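Just so you know, the sequences run in chain order A and B. One point on numbering: in our numbering, the residue at position 62 of the first sequence is 80, and numbering is uninterrupted. One point on numbering: in our numbering, the residue at position 68 of the second sequence is 60, and numbering is uninterrupted.
To be clear, the hints were calculated from the coordinates, so they are not data collected in a lab. Quick caveat: nothing in here was measured; it's all calculated off a predicted structure. Virtual Cβ for every residue (Gly too), placed ideally from N, Cα, C. Among the hints, a few may not be true.
Claimed, not checked - Simulated restraints, written as ranges between beta carbons of each label pair:
(1) A/184 to B/147: 34 to 42 angstroms
(2) B/146 to A/50: 52 to 60 angstroms
(3) B/165 to A/27: 26 to 34 angstroms
(4) A/110 to B/181: 47 to 55 angstroms
(5) B/181 to A/306: 55 to 63 angstroms
(6) A/306 to B/85: 48 to 56 angstroms
(7) B/85 to A/135: 30 to 38 angstroms
(8) B/17 to A/462: 53 to 61 angstroms
(9) A/182 to B/85: 24 to 32 angstroms
(10) A/421 to B/17: 56 to 64 angstroms
(11) B/143 to A/27: 27 to 35 angstroms
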Amino acid sequence: MNHRERAREFLADREYAKWHDEALWFVRMKRDAAAKSVKEWEDLREAAEKIKEHTIEHLGFYLREFAKNASKKGIKVHFAKDAKEHNEIVYSILKKHRVTKVVKSKSMLTEECELNPFLESRGIEVTDTDLGERIVQLRGDRPSHIVLPAIHLKKEQIGKLFEEKLHIEKGNSDPLYLTNEARKDLRDKFLKAQGAITGVNFAVSETGGIVVCTNEGNADLGTSLAKVHIACMGIEKLIPKLKHLGVFTRLLARNATGQPITSYTTHFNSPSKDKEMHIVIVDNGRSEILKNKEHKKALFCIRCGACMNTCPIYRRSGGHSYSYVIPGPIGSVLANARDLKNNGDLAFASTLCGSCTNICPVKIDLHHQLFSYRKEYVQRGYMGFKKRLSYKTASFILRNPFFFLASMKGYKAFYPFLSKMNLWGEGRALPKPAKKSFREIYKEME
Amino acid sequence: MNIDSFIKTIGKESKPSLDIKIEIDFEIFEDKEKAFLHSLKNVAVEGVVVKKAKIEEKIKELSKDYKNIASIYPFSIRTLNSNDIKDPKELNNVDLSIVKGKFGVCENGAVWIEEEENIHRAIYSICKHLLILLDRDSLVSTMHEAYERIDPSLSYGIFISGPSKTADIEQSLVIGAHGAKFVTVFLIDE
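Please model the entire structure based on the sequences and the hints provided.
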C-alpha cells in the first residue's frame, strides 16, 4: 500500500480524522503563542541554522573533538556504521554487564535501528518508559509522531489497553488515573532494570557531553538507577559549543509543544560514581545524505516534530500512513534520501504549501526538498506508466497552441460529462469553464 | 568500527578557521524576580521568597506530612543523607528531597543544578517532592546568559523546570509522570 491508500483508510472514519486533525492543530497553536512571546525568535532560527550548517561542514573535525573530550571524562565512545553494528554494540555492552532488563527513554534512532526486537530476541527485556512510547509498545504498535507517539489513540483505547495489560479497573479512561497507573507499573521497571538506554538531543563537541530533554524525567530516573547508561545518537546531533545550547534550548520545546523549556534538560558529561556510560555514534546512511548538496540540510533536524503538527496532509492522514519510521514532512525527506524508489510516494504526500518550511526551527527548506524529490522520482523513471502518460499528454497539449485551444473548447463542450467522471481525483471539483476565454475577451477589447 | 575509518567516510575533517558569529539581541528582564516567579507559576512550580534564618522553619512547614526527607546538606529535619547510601534504589521512598540550585532563568523558570558533592543523581527525579534552594540574587534573564555561567568542564548538571509531566494521553496535561509530582523553589534572602 502507498501513502494515498493508507490515508484513505485513515479518512474512512471522518469523525476520528477530524479529532486527530484538531488535536495536532491545538499543539500548533500553542507553539505559535510560545514563539510569539520571544521577540528575537527569528534571530534564534537564523542562529540555529548557522550553527547546524557550520557543524555539518566540519562534522569530521567536531566528531573527533567530541570523542576525545568524552573519553577524557570517562565516557566510552563507540562508532557504528549501520543499524546492525549499532545493535550489536549495545547488546555487547549489556551482555558484558549481565543485563537482563533495560529501561529506555525516547530515541528515534533506536526505532530506526529496530533495537527492541534485536535485544528481545536475545533474551533482554526492553521497557519503553516515555508514556506515549509505553502505550505504543504495550499495543505492539509503532509511534505515529516523534514527540507525541500515541497521538493517534483515544483515551478509551488506552484505558482498554491498560485493563488488559496492567489490570486496572474497568471502564476508567481518565488521563490522570491512567498516567498514575502507568507510573506505578513503570516505577517497578525502573527499580529492576540494570541498564538504561537513552537518545540524545544534543552532543557538545567542546565538552564531550550529551544533553537529553524530557518532560517526564524518565531518562533521569532510568540512568540514575541503573549501573550502565548507553546513549545512542546519529552523527547529526553534534553542536560545537556549550553556549550554542542557549539557542537550541530556547527553540526546541517552544517549537515542539509550546512549553518554554522541557521539565528536565540534563547534561550527562561523565558517568556517575561506580557506573559506566557509553555513547554509540551511528552513521546508518547519514554520511550519504551529507554528500548530497541538495539534501544535506535534512541533517539539521532537531526532531521537534512541528512540521508534523502543521502539515495539512499529516494531520489528515496520521503518522502510520507514512512508510518510514519518522513521519510527516521531515520523515518523507529522510525516507526519500534513503530509498527514493520505494518511498517516492511520500514526496507526493504534501500540498507543497510551505508551512513546514516556515515553522522549522533550523530552517530546513522542507517543501523545496520534497519538490526536488518529485523531480528526481520522475527523472529516474520511477513514475508509474499511467501517470507518466497523462503528464506527457498534458505537456504536449500545453506546449502546442492548436491542441491547447482545441482542448479548451473540448473541456467546455464536455464539461457536464467530465465533471461526473472527474479523472483528476475524488473529493475535488473540476473548475467550471468560463463563459469566455481570456483570448476572446482580449480580442473584444481590441 | 574504529574512529578513523568512521570519520573517513564522513570526511569534513578540516578545522574551522572561523568561529560561528551569532548576534542575538536577547531580552533582558528589568524586574528579574517578578519575571522568574511568573515563569515558575507557568510551569507549575511554587516559588517563595524565604529569609535565610527562616529556612528550617519553612522546610518543616512544607514537610509536615512527609516521613522520608533526604538531602546531602545537614538540615535538622532530614532523615537521610543520600550520600550515605550505596544503592540509589533505596531512595525510592523519599518524600522530600532538598537540593541547591546555582541560578534560575527568568524566561522559563528553569533552575540550574550542579552539585559536585552529590553522588546519587536520582535524588532529583525519584522523590515525590523536590525542594530547590536558590539565592535570591542569582537570576539570569535567558538561556544565553545561563550557558555563559556554566563551566564547560562540568561532570553533570540539570535544568529543572517544573514537576515531571506528560500530555501523552489525548493532550491532557498530567503532573507527575515519573519524577517529582511537586517542585518548590525557595528564593533565599540573605
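Distance restraint evaluation - residue 165 of chain B, residue 27 of chain A, Cβ atoms, bounds 26 to 34 angstroms = holds, 31 angstroms
Mind checking the hinted window 27 to 35 angstroms against the Cβ distance between residue 143 of chain B and residue 27 of chain A?
-> With Cβ atoms ~54 angstroms apart, the hint is violated.
Supplied distance hint 48 to 56 angstroms, evaluated on CB atoms of residue 306 of chain A and residue 85 of chain B | holds, 51 angstroms
Does the hinted range 24 to 32 angstroms hold for residue 182 of chain A and residue 85 of chain B at CB?
-> holds, 30 angstroms
Range agreement (Cβ of residue 147 of chain B with Cβ of residue 184 of chain A, hint 34 to 42 angstroms) = holds, 37 angstroms
Indicate whether the distance between the beta carbons of residue 146 of chain B and residue 50 of chain A respects the range 52 to 60 angstroms.
-> Cβ of residue 146 of chain B to Cβ of residue 50 of chain A: about 34 angstroms, so the range 52 to 60 angstroms is violated.
Per the hint of 56 to 64 angstroms, is the separation of the Cβ atoms of residue 421 of chain A and residue 17 of chain B within bounds?
-> Distance hint for residue 421 of chain A, residue 17 of chain B holds at roughly 58 angstroms.
CB-CB spacing for residue 306 of chain A and residue 181 of chain B relative to the 55 to 63 angstroms hint | For residue 181 of chain B and residue 306 of chain A the Cβ distance comes to about 58 angstroms; the hint holds.
State, for the Cβ atoms of residue 17 of chain B and residue 462 of chain A, whether the hinted interval 53 to 61 angstroms holds or is violated.
-> holds, 58 angstroms
Per the hint of 30 to 38 angstroms, is the separation of the Cβ atoms of residue 85 of chain B and residue 135 of chain A within bounds?
-> holds, 35 angstroms
Beta-carbon spacing of residue 110 of chain A to residue 181 of chain B - inside the hinted bounds 47 to 55 angstroms or not = Holds, since residue 110 of chain A and residue 181 of chain B (Cβ atoms, about 54 angstroms apart) stay within the stated range.
Violated hints, listed in ascending order, are 2 and 11; each of the other numbered hints is respected by the structure.
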